[in-house]
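**Student:** Listed here are the chains, written in short residue letters.
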Amino acid sequence: MAKRIDCSDVNIYYGNFLAVEGVTISIEPRSITALIGPSGCGKSTFLRTLNRMHEVIPGARVEGKVVMDGQDLYGSDADPVTVRRQVGMVFQRPNPFPTMSIYENVAAGLRLNGTRTKKAEMDELVESSLRGANLWEEVKDRLDRPGSSLSGGQQQRLCIARAIAIEPDVLLMDEPCSALDPISTLAIEDLMAELKERYTIVIVTHNMQQAARVSESTGFFNLNGIGQPGRLIEFNPTEKIFSNPDQKATEDYISGRFG
Amino acid sequence: MSTQLTRPPAGARAAEDGNGRSERRLPTWVPWAVFGAAAAIAFGIEALTDFTVVLAVIYTIVLGVVANYALSRSVEGRRRATDRLVTSVVTCAFAIAMVPLVSLVWEVVSRGARRLDGEFFNSSLVGIIGEGGGAYHAIMGTLIITLLTTLISVPIGLMTAIYLVEYARGRLKRSITFFVDVMTGIPSIVAGLFAYALFALFFGPGVRLGIMGAVALSVLMIPVVVRSAEEVLKLVPNELREASYALGVPKWRTIVKVVIPTAIAGLGTGVTLAIARVVGETAPLLVTVGITNATNVDPFDGRMATLPVYAYYQLTQPGVPPENAIDRAWTAALLLIALVMGLNVVARLISRFFAPKTGR
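Line order of the protein sequences matches chains A and B.
Going by numbering that gives the first Met the number 0, 218 is the number at position 219 of the first sequence; the sequence numbering is gapless.
Going by numbering that gives the first Met the number 0, 82 is the number at position 83 of the second sequence; the sequence numbering is gapless.
One chain only, chain A, in its complex shape:
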């Protein structure tokens, strides 16, 4: 189920503006890869190219190759909708659908795609997804309540349940804990540690302790100045990045001597 992703020489544009330049990276299956770096350096932009969400923005485009287990995500035969079913995503702010109940939010991936599923199967899928997101015990008695009735941390776990209900191969997380308190953050981090048994996880984070705690590999993005494209400066096992990085810039950033 979990798949590896190989990117080679990826250039990402907003219109004519080159936002991220020349990223070559190999993301291992069944592991957590963290992307760190200062604001505006293109981490999130790069993350969004991995499930073709980048091109949703008018004028945005991508050059280069992104290959997931031999399948070129930007090949001429690749359909962005199919890609997004294989690569799930969790956003920075929890965004449950406000018109839907907790149950319907989890079932949304299948329901919205028009897949006909028996009630019993759907119940089972919702329960297993909510259990997978460590939310089942908290919401099992109120599945018909609106998704927005939950707390922020619960909403974020609901969004994770919604993302894993369509059984993707890869899970992308764009600063999933930045809007949450430390306890909810801990819950999500524990959840990530469980989920990596089954999925390839890529997480963008501003919290370096978080990257050090949860990830196997870490990529450091940086940019030379305003208006310059972001670059992948260093990509190494997390232990190496945080103890003995290859690049001076990485060391400056993680030790807080940056800029």
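Derived by calculation from the structure, the hints in this document are not laboratory data.
Since the structure is predicted, the reported quantities are computational estimates derived from the model, not experimental observations.
Ideal placement from N, C-alpha and C gives every residue a C-beta, glycine not left out.
Among the hints, a few may not be true.
In silico lysine-lysine, DSS-like type, Cα no more than 30 Å apart, as pairs [what the hints assert, rightly or not]:
no., chain 1, residue 1, chain 2, residue 2
1, B, K172, B, K233
2, A, K247, A, K139
3, B, K233, A, K118
4, A, K117, B, K233
5, A, K2, B, K250
6, A, K64, B, K233
7, A, K118, A, K64
8, A, K118, A, K239
Over 10 Å on every C-beta distance to chain A, these chain B residues come out as not near it, computed from the model [what the hints assert, rightly or not]:
no., residue
9, E75
10, E238
11, I263
12, R276
Put chain B on the given structure of chain A with help from the hints.
**Tutor:** Frame of chain A, contents of chain B only:
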């Protein structure tokens, strides 16, 4: 420092502030008393000369505002005086705005209630000279033509709005938005003449059909629907669209299953208010649908009566004696206002019941 932070006790007229300056306040009844005195003086002057209420009211307002300002300025100082001046001006503006509204509703209700009986709703004007008769044919005509207008305008308007918000970009989007704005400002008679000219091409001059009225009203209603639906669709957070895309949902399904359900309350409200906007249009119906005394419920066959045109003809061509027809015109007007008010209530109910529930 601490003395500066403590406020004078409530009710104190004068108190020392931190800098040792005294702060004097007028009691709350004073401005009203001033206005009362101004009214007494103004009405007194008017009573001595030739009495006009309007003039007396204007005197009262001007005199009251000026006297209040002067009094407050001498007692409370400049800042409070300005505050009182602006308060009085704003209150007076509000009162002036309410005058025509209240007067209109009062007039229509008191005069229209005279013929608000069963016969008015049950009978048409066939064979009626003088007393009796009703507006059954006009009510049916208004309902049928408004329904047809809604059936034409809502799909076109909603889809245009969806196109503008979700798909169009660049110059095309700007020009469509511009022309929709221009269409909102079209004089309604022009819409009527457009429909008349269009149908005259096919059916020859002098044609009158219910459907022509619906087309004319659609020309007026479509831009209203587009504008309101566009505003509401823009309010749907982009995050929800992205959440849906990220689940591998195609764009059209995202629009149908996520964007529209999220905005349904606003869309319903917008459509209802757009209906309320065109239901009382007179001029376009005058040239396209005409008027008849008999009931005609087939919009594809000949003239139909509608409430606004009915009211217009009852008032302008009342026959002899005129009182009966003029009473019917007032009742038709009352009915139209009630219809618009009902539609507004419906719009509010829609926005209350269909709004996404937070359920906290």
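**Student:** Determine for every hint whether it applies to the structure shown.
**Tutor:** Quick rundown of the hints versus the structure:
1. B:K172 with B:K233: 14 Å, holds
2. A:K247 with A:K139: This hinted pair is violated, its Cα atoms lying about 50 Å apart.
3. B:K233 with A:K118: Violated, at about 35 Å.
4. A:K117 with B:K233: Given that 30 Å is the threshold and the Cα spacing comes to 35 Å, the pair is violated.
5. A:K2 with B:K250: 26 Å, holds
6. A:K64 with B:K233: 34 Å, violated
7. A:K118 with A:K64: Outside the cut-off at roughly 41 Å; violated.
8. A:K118 with A:K239: 49 Å, violated
9. E75: Per Cβ check, B:E75 is outside 10 Å of chain A; nearest 49 Å; holds.
10. E238: 4 Å, violated
11. I263: 8 Å, violated
12. R276: At roughly 28 Å from the nearest Cβ of chain A, B:R276 sits farther out than 10 Å, so the non-interface label holds.
Of the hints listed earlier, those the structure fails to meet are numbers 2, 3, 4, 6, 7, 8, 10, 11, in rising order.
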